[in-house]
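Undergrad: Listed here are the chains, written in short residue letters.
Number of protein chains: 2
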Amino acid sequence: MQRTSLKSDPCPVARALDSIGDWWSLLIIRDAFDGVRRFGDFQRSLGVAKNILTVRLRRLVTDGILEHTNSREGNAQEYVLTAKGKGLFPVIVGLRQWGESHFYGQKERHSVLVDRDQNRPVRRLEVLSRDGRILRAEDTFVRKIGS
Amino acid sequence: MQRTSLKSDPCPVARALDSIGDWWSLLIIRDAFDGVRRFGDFQRSLGVAKNILTVRLRRLVTDGILEHTNSREGNAQEYVLTAKGKGLFPVIVGLRQWGESHFYGQKERHSVLVDRDQNRPVRRLEVLSRDGRILRAEDTFVRKIGS
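Line by line, the protein sequences give chains A and B.
Just so you know, we're using the working numbering here: the first sequence kicks off at 2 and counts up by one.
Just so you know, we're using the working numbering here: the second sequence kicks off at 2 and counts up by one.
Looking at chain A on its own, in the form it has when it is part of the complex:
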């Protein structure tokens, strides 16, 4: 199937998804946030075929989300998040919290994102108005270009 490109779409959600809108890419980014850096470690963590991982990593580098660096020992290439890649932190946290709320049984345990300083789970993500009110989707609208 030929994938439509969303690169010139006027909607920022569409352009964002054009770059990262697939399962493996988002899981690679999640692992990078968790400190995974090497090809073999991504492969083990994700249980993904080498060819798929190669293509996805290359795309993430081309798109400026990951960059190559040399390991401290200098004998292995590593992948680390760029500033642009780190900008996805709220998205990954949002996916995590939504997953926590809806995909676990009451007694089923799951991993938790914790604030290093206080060793306590982070706050629930909220969309806020400029003056700090919590906004639901129905409290907002998308102002399109030209409208």
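These are computed hints drawn from the structure, not numbers from a lab.
Please note that a few of the clues may not be correct.
You can't tell identical chains apart in this list, so a pair holds if it fits in one copy or across any two.
[Stated by the list, open to error] In silico lysine-lysine, DSS-like type, Cα no more than 27 Å apart, as pairs:
(1) Lys-108 with Lys-51
(2) Lys-145 with Lys-51
(3) Lys-85 with Lys-8
(4) Lys-8 with Lys-145
(5) Lys-108 with Lys-87
Given chain A's structure and the hints, the job is docking chain B onto it.
TA: Chain B in isolation, oriented as in the chain A frame:
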């Protein structure tokens, strides 16, 4: 390609992506937040083939993210977000804001998410600690099960 299932993965990000980790699903959800309800309107908005849209809508209903309702006129089926679906609001806003930051030229215009009450753009999403400090990814860690 046989897709690995992440349904029983211990990571909440993985379980979340198992349900919505594809481009079309997330764009359908975006459109639903924007008030799109009918099959034909999703199709026009997304420029997607009917068979793909049918499969994705069915999956989103099965997963409890969208539900069927009858239109006010009673002659058309409509799709609306459930409470679970609405829980994805911060994820869509995070994708939007990341897209706004990284995929537009300086003078290029894009749509903006606006607070109805004040007619001003919403605040930038931030991950916060329990006591309200802004957390970067490096200020957090994932506490895995059993650790």
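Undergrad: What are the numbers of the hints the structure violates, in ascending order?
TA: 1
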